[in-house]
Structure formats: C-alpha cells, structure tokens
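Enquirer: Modelling step: build the complete structure from the supplied sequences, incorporating the hints.
Here the sequence shown stands for residues 6 to 106, numbered as in my numbering.
Hints are not guaranteed to be accurate.
In silico DMTMM-like links for lysine to aspartate or glutamate, alpha-carbon gap of 25 Å or less [claimed, not checked]:
hint, residue 1, residue 2
1, K79, D58
2, K79, D89
3, K21, D37
4, K21, D96
5, K79, D37
6, K79, D8
7, K100, D89
8, K21, E93
9, K21, D64
10, K79, E98
11, K100, D30
12, K100, D37
13, K100, D8
14, K79, E66
15, K21, E98
16, K79, E55
17, K100, E26
18, K79, E65
19, K79, D64
Taking CB as the label site, the calculated pair distances span [to be verified]:
hint, residue 1, residue 2, range
20, V43, D96, 14 to 22 Å
21, A56, E93, 18 to 26 Å
22, R7, S53, 43 to 51 Å
23, G103, K79, 35 to 43 Å
24, C57, S24, 47 to 55 Å
25, D18, C67, 42 to 50 Å
26, S59, I9, 30 to 38 Å
Since the hints were derived computationally from the structure, they do not count as laboratory data.
Fair warning: this is a prediction, and the values are worked out from it, not measured in the lab.
By construction, the Cβ of each residue, glycine as well, lies at the ideal position given by its N, Cα and C atoms.
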Amino acid sequence: MRDIYHAVVGSSDLLKNLSQEALTDYKNNCGDAASGIVFALTTLGCLSMEACDSDEYSDEECRRDMMGLSSALKHLPRLMQALDQNRENADYELKRRGATK
Numbered sequence: 006m007r008d009i010y011h012a013v014v015g016s017s018d019l020l021k022n023l024s025q026e027a028l029t030d031y032k033n034n035c036g037d038a039a040s041g042i043v044f045a046l047t048t049l050g051c052l053s054m055e056a057c058d059s060d061e062y063s064d065e066e067c068r069r070d071m072m073g074l075s076s077a078l079k080h081l082p083r084l085m086q087a088l089d090q091n092r093e094n095a096d097y098e099l100k101r102r103g104a105t106k
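Expert: This is the structure we're talking about:
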C-alpha cells in the first residue's frame, strides 16, 4: 500500500538533473526537515506528559489532543523516513558526481 513516503520520496532522475548547488541545497533541506520532525515528535511527547500531569486538563481536552497526536504519530515517522531517503539519495548523487570528475 502506498503512503506518504511514496508521495514524498524523490526519484533518482530528478536528482541527476539538478545542479551541484541545487542538489546540495536539496540534501540539506531534506536533512533539516527530517531533524525537525524528530524534534517535533520529542516535543509532542514532553507536552503530552506535562498535560497528563495537569489537574486543569479536562478529559475532553485530552481526548481531542490525543486524536491530533495520534494523527501526527501515524504520519510523521514515514514522512521523516522519506525525507531522510531523499537526503541519502542526494548525498549518493553528489558522491557519484565527485567520483566521475
């Protein structure tokens, strides 16, 4: 079954047509975005724990927020994997170009 990973991961044909500078930017942007997702997931976990310990956090608020967290936790890891795969593919293409010079 295809998911967000397959929609986001770039093709090697795309990378072959990018300039050296554009490919480096692409690699860095994908790596930064993947790191940002890891940071966001960690922050979501910390905030969830804090909210559960709060006496002022109602069951209704908790249920609403858990639905949002569940959606994020369902999709963000695959999105991060796709971005990381794009970064690795761009790095490979940069190294391949360096080896052919």
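Enquirer: Would you mind marking each hint as holding or not holding in the structure?
Expert: Outcome of the hint check:
1. K79 <-> D58: holds, 24 Å
2. K79 <-> D89: Holds. K79 to D89 sits at ~17 Å (cutoff 25 Å).
3. K21 <-> D37: The given pair, whose Cα atoms are some 21 Å apart, holds under the 25 Å limit.
4. K21 <-> D96: holds, 12 Å
5. K79 <-> D37: Between K79 and D37 the Cα gap is close to 20 Å, so the pair holds against 25 Å.
6. K79 <-> D8: With Cα atoms ~11 Å apart, K79 and D8 stay inside 25 Å; holds.
7. K100 <-> D89: Given pair K100, D89 holds - Cα atoms ~16 Å apart, limit 25 Å.
8. K21 <-> E93: Cα-Cα ~14 Å, so holds.
9. K21 <-> D64: violated, 52 Å
10. K79 <-> E98: violated, 30 Å
11. K100 <-> D30: holds, 15 Å
12. K100 <-> D37: holds, 20 Å
13. K100 <-> D8: Distance ~29 Å between K100 and D8 Cα, so the pair is violated.
14. K79 <-> E66: This hinted pair holds, its Cα atoms lying about 20 Å apart.
15. K21 <-> E98: Between K21 and E98 the Cα gap is close to 7 Å, so the pair holds against 25 Å.
16. K79 <-> E55: Distance ~21 Å between K79 and E55 Cα, so the pair holds.
17. K100 <-> E26: holds, 13 Å
18. K79 <-> E65: Since the Cα atoms of K79 and E65 sit roughly 21 Å apart, the hinted pair holds (cutoff 25 Å).
19. K79 <-> D64: The given pair, whose Cα atoms are some 22 Å apart, holds under the 25 Å limit.
20. V43 <-> D96: 14 to 22 Å: holds, 18 Å
21. A56 <-> E93: 18 to 26 Å: The hint (18 to 26 Å, Cβ to Cβ) is violated, given that A56 and E93 are roughly 36 Å apart.
22. R7 <-> S53: 43 to 51 Å: Between R7 and S53, where Cβ atoms are some 30 Å apart, the hint is violated.
23. G103 <-> K79: 35 to 43 Å: Distance hint for G103, K79 holds at roughly 38 Å.
24. C57 <-> S24: 47 to 55 Å: Given a distance of about 49 Å, which is inside 47 to 55 Å, the answer is holds.
25. D18 <-> C67: 42 to 50 Å: holds, 47 Å
26. S59 <-> I9: 30 to 38 Å: Once the Cβ atoms are compared, 32 Å apart, the range 30 to 38 Å for I9 and S59 holds.
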